[in-house]
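S.K.: The residues making up each chain are set out below.
There are 2 protein chains.
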Amino acid sequence: MQKVTFYHAGCNVCVAAEQQVLNLVDENKFELDIVHFADQPNRIAEAEELGVKSVPALVINNQVLHINFGASMADVKAG
Amino acid sequence: MQKVTFYHAGCNVCVAAEQQVLNLVDENKFELDIVHFADQPNRIAEAEELGVKSVPALVINNQVLHINFGASMADVKAG
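For the record, the sequence lines run as chains D and H. Using this note's numbering, read the first sequence as starting at 1 and increasing by one per residue. Using this note's numbering, read the second sequence as starting at 1 and increasing by one per residue.
Since the hints were made in silico from the structure, they are not lab data. Accuracy of the hints is not assured; some may be wrong.
Pairs involving identical chains hold if they fit within one copy or between any two copies, as the list cannot separate such chains.
Taking lysine to aspartate or glutamate pairs in the EDC-like style, the calculated list, with each CA pair at most 20 Å apart, reads [claimed, not checked]:
# : residue 1 : residue 2
1 : K77       : E27
2 : K77       : E31
3 : K77       : E48
4 : K3        : E48
5 : K77       : D26
6 : K29       : E18
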């Protein structure tokens, strides 16, 4: 099963996007990992290495899809 | 079946996003309509009314997900 990771920070834009993304993704083909940075701050570095510049973002096959704009990673790190 | 529309303009960012989006979307739940503005310029107005500000963009349940940034709608209209 392919893995897709949705990174977010609990912002309004993030939550709205999350609902649509959860709805869209084919669960028979993908394992969806949802990472809320407030819960998993240790995964901020991983996201940045993958190229995530802002949240919400979806990473699939090492490609980053930035979806709308909730907050920059600098904002995320500033808490 | 719910309908999802992917608007794009053939740009590199659009094409890369299109591949991932086509891959992600659950075809059992969604009918995916792919609109390339070069082929369907008459649908530019429709996209703008839905709130599309840039391409590539995915519209699901009247919510616009702007995915990365390929071109603004102003660029699209300027051809």
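S.K.: For this structure, which hints from the list above don't hold up?
M.R.: 1, 2, 5
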